[in-house]
Amino acid sequence: MYSQILLKRKMKTGKVIKKNIKLLLRSKVSTLVLILGPLLIIFLVGISFSTSSFNLRMNAYSESYSELSNSFIQELENKSYRIIRSDSNQSCIQSVREQVSHACLIFPPDLEIENNKVNTVEFYVDQSKVNLVYLVMSTLEDSFADVSTEISKDLTDELVSALFSTKTDLLAADTSITKIQNKNTIIIDTSSSSQNKLNSLDFNSGSGNTNVNTLVDEIKIDLDNLISDSEDLIDNSNDLLEDLEDYDINYKNNESNQDTFDDDISDFSGYISDLDDTIKNGYNLSTKKVEKITEQLDEALSSLKNKLNDAKSANSDVVTKLDNLKTNANELKTDSEELQTNIQGMISNINSIQITNIENIVSPIETRINFVSESSSNLSYLFPSLIVILIMFIGLLLPSTLIIMEKNSKSAFRLFVTPTKPTLYILANYLTSLILISLQVFIVLSVSQLYFNINFFDSFFITMISLLLTMTLFILIGMLIGDLFSSEEMAMLTSVSVATLFLLTSGIVFPIESMPDYIIEKIKFNPVVMGTEAFKQSLIFNSGYGSVKQPLTLLFVSIFFILGLILLSKRLKTQYFKPKKGRINKNQLKKNFSFGERYAKNLPEFIISVQNLNQEKFQKLLDDKSYFNWVVYMLKNKPLAGKIKDKKTKKEILDELVKKLKKSQKK
Amino acid sequence: MDTSILKLEKVKKVFGKVSILDPINLEIRAGEIFGIIGASGSGKTTLLHTLIGFSVPSSGRIMFNKDLKSNNWVHVLNNLNFIKKRVGFAAQHPSFYERLTVYENLDYFGALYNLTREARLSNINTLLELVELDHARNILAKNLSGGMQRRLDIACAIIHNPELLILDEPTSDLDPVLAKHIWKLIKKINKKGTTIIVASHDLSEIETVSTRIGILANKTLNHIGTIEELKKKISRGQEVHFESYPGNYEELAKNLKDPLIIEIENRGNSLVIHTRKPDKILKKLLITLNKLDEHLLDVKITRLSLRDVFANITKKKNEDRKSN
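Sequence order for the protein chains is A and B.
Going by the numbering used here, the final residue of the first sequence carries number 667, and the count climbs one at a time with no gaps.
Going by the numbering used here, the final residue of the second sequence carries number 324, and the count climbs one at a time with no gaps.
If you're looking for bench data, these hints aren't it; they were derived computationally from the structure.
Ideal Cβ positions, reconstructed from N, Cα and C, are used throughout, including at glycine.
Errors might be hidden in some of the hints.
Said to hold, decoys possible - Derived Cβ-Cβ restraints for the label pairs, each shown as a range:
{"no.": "1", "chain 1": "A", "residue 1": "K591", "chain 2": "B", "residue 2": "A253", "range": "27 to 37 Å"}
{"no.": "2", "chain 1": "B", "residue 1": "I262", "chain 2": "A", "residue 2": "Q619", "range": "41 to 51 Å"}
{"no.": "3", "chain 1": "A", "residue 1": "K617", "chain 2": "B", "residue 2": "D67", "range": "15 to 25 Å"}
{"no.": "4", "chain 1": "B", "residue 1": "K232", "chain 2": "A", "residue 2": "K617", "range": "32 to 42 Å"}
{"no.": "5", "chain 1": "B", "residue 1": "N138", "chain 2": "A", "residue 2": "K617", "range": "26 to 36 Å"}
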């Protein structure tokens, strides 16, 4: 029996789903929206986000473009941004206001890097384009930072080259200074030596002249002595001759020797005589010459004396200068030592520069942003949000449209006259929407898998659970909207409004962080945030169940909450499926059960009143559920009312009532 | 068979403080076609909705005889699911899915009535033949003509072979030819044993089709009976219509005073005399015309129609209300 009912219910649900899908598919617009819509969306999204760059248009203006400003523009153009040169400052800014371009760049005239010149490039961006303004600003800053870095590199390169060239020069200078110092030392030493030597020179001519005179005198004396000696020699020779003559006599016994000896003595006497003459002549001549020499020497001495005086004066001057030179040389030595110390300090300082690489000086810290997910394009990381947004829009619009279509269709009335429970429509609408959205998501995922290389098989199960729960939540919200409103326009408007609200508070359009803390706290309950979080964790990060536990739990709880609201809404708006029951007329109810001349007020009186009813009246009141209602509203005893609710005979009802009476009497 | 299938006991309907239906007592006999006529806004649709429990009466009760042999009456509101299976309802505007074919519509509603696939197939074939839509079974409902749509709507209402079929204005928006077709269909359905309650403003047709008629006027259904019974009850005799020249109808009316004349009605370009003895009045009329030097242009005697009965009742009620 139960299985038959279940089978019938399944059959009915299947029929309603089939009918819903047929109706949607037979509407050309619906088909277009449902089938081609997601394909179109993913196609457009794929084209839009498949690259990592953005197509930005920028206007630029400068009174006079310089090579540098042109290089900035070129840099932006190299990044595939369209740069239009404006005619004036105002037209450049106006282009941003009119949204012709995303930014206006105003370069100072003749932009150049010079000392004491501040180069300010002004950016004008449209802050109302919140989603783009930061991107534009970031792009511009990056581009200008690139060019600035290049310039900075050149300047630093120049600086470093100059520094090292200086170092080389300083090293050479150091060597030179050492050489200078050595030479200086030599100069000092030489100076000292020269000074000493010069100081030791005697320029006194007086004593010299005396000496010369003395010497001349001595020569004279010597000459005199020589003459005297010669005379002595002659005398001696004469004596000798005499001796010899004496000797000759002795030697006359030897006639042959006598002759020779006589000859020799004669010769020797001649020689002595000649010598004497010669000496005398020489003496005379020498004396003359000595006198001449003396004269010349006097002259020379006089001249020498003068010259010596001059030399002495010059020597004194030279000594003084040498002293100055020495002093200066000593000072030079001190200075050169100081200079050398400084140069060595400079060299040491230059040597102490550890970072000499230009790249490292200009960008000492290199930043590299690593993505926690492997993605090659914007589409990859936007994909979960896009899928959830797609689910949200279709999930809100489709079931609400289905319900409103049903409500406003010609067949709406017939739904009431068929024996079908409201829950069947809830289930059928949910399943219809789920099937169609699943189909669309499947198409989108397949296209993404094939053409955009977005792999969702790595964590297939969790991804599917996330998708199912997200779809369910949005479908239920859509169904709630469909239940609450009766016109398609209002449902559509509400769906779009709700979707917009979810979107704006999801962090996809505006950064959540820009909102107040108390809102950030609540935003995690935004279905888009929950869905995106779960889907992102499973699709991009391939996280396990642990990572998606929280968003999945929130989704699950939200689903039950919305389901509760739908059932409540159905209960409150029962006229759609079920007729409103009239209010219980308590006065009439009271009048039905008379007790004597008044109406029954308590259980014993009610029992008597029921007992006294004739069969026809009893049946009428039974059909009207009057016994049940009297016990509920007059006696206010719902448990007892429940017991007599399904009783069909007077005896059965009275038995229950009496049983209750006895129980209360016992108490 | 003179057994009732449905009965209303002091059924009253109030929306807020506005009373729509004053206590109504009514019994619908099994197998009959019961016509309900009433002016627009008189509460016909509300009454029909109340019969099937779509609108809950403010007081009174509606009973359905679930077993004609044993007269087992059940309260409609307490047995809605049961009632839905036994009653068919065709609303004033066709109620089906325009983007489903004739067959699909019937199949879908058959499924909602929990009919098995075989039962649905059998019923659909029979019904398509009955409503003469067999050739259009695969045509989308929106592409059907007005008359065909109305027939499809009726077919949807009886896909589950109900014992009672309620039709609300089945010929509204239809031209006379199509309307005739529908009335013919209603008769055919009735001949198959289905009791029919039909509300319509097509008085001429309902007069010919209905077994009994109830006139809903001034929130109540006081006048119930066969056409003849109603005519007898309401009739102000026959009508003598005439036109004369120069047409001094006021003077004529003054000179025509006679106990046999129930009422004289000056319609501007003609004079209508209500009387139970038209032959005698006609003689007097000729004498009076001669006397007043009026030349008779046209004269005809008509019998009272349902329209007249209805108009009289409505008029009388309005007069009563004004006098009160």
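Hint-by-hint comparison with the structure:
The given range of 27 to 37 Å is broken by K591 (chain A) and A253 (chain B), whose C-beta atoms sit roughly 54 Å from each other. Between I262 (chain B) and Q619 (chain A) the C-beta distance comes to about 47 Å, which sits within the given range of 41 to 51 Å. Between K617 (chain A) and D67 (chain B) the beta carbons are some 22 Å apart, a value that agrees with the proposed interval 15 to 25 Å. Between K232 (chain B) and K617 (chain A), the C-beta spacing of about 36 Å keeps the proposed range 32 to 42 Å intact.
At roughly 56 Å, the beta carbons of N138 (chain B) and K617 (chain A) sit outside the given window of 26 to 36 Å.
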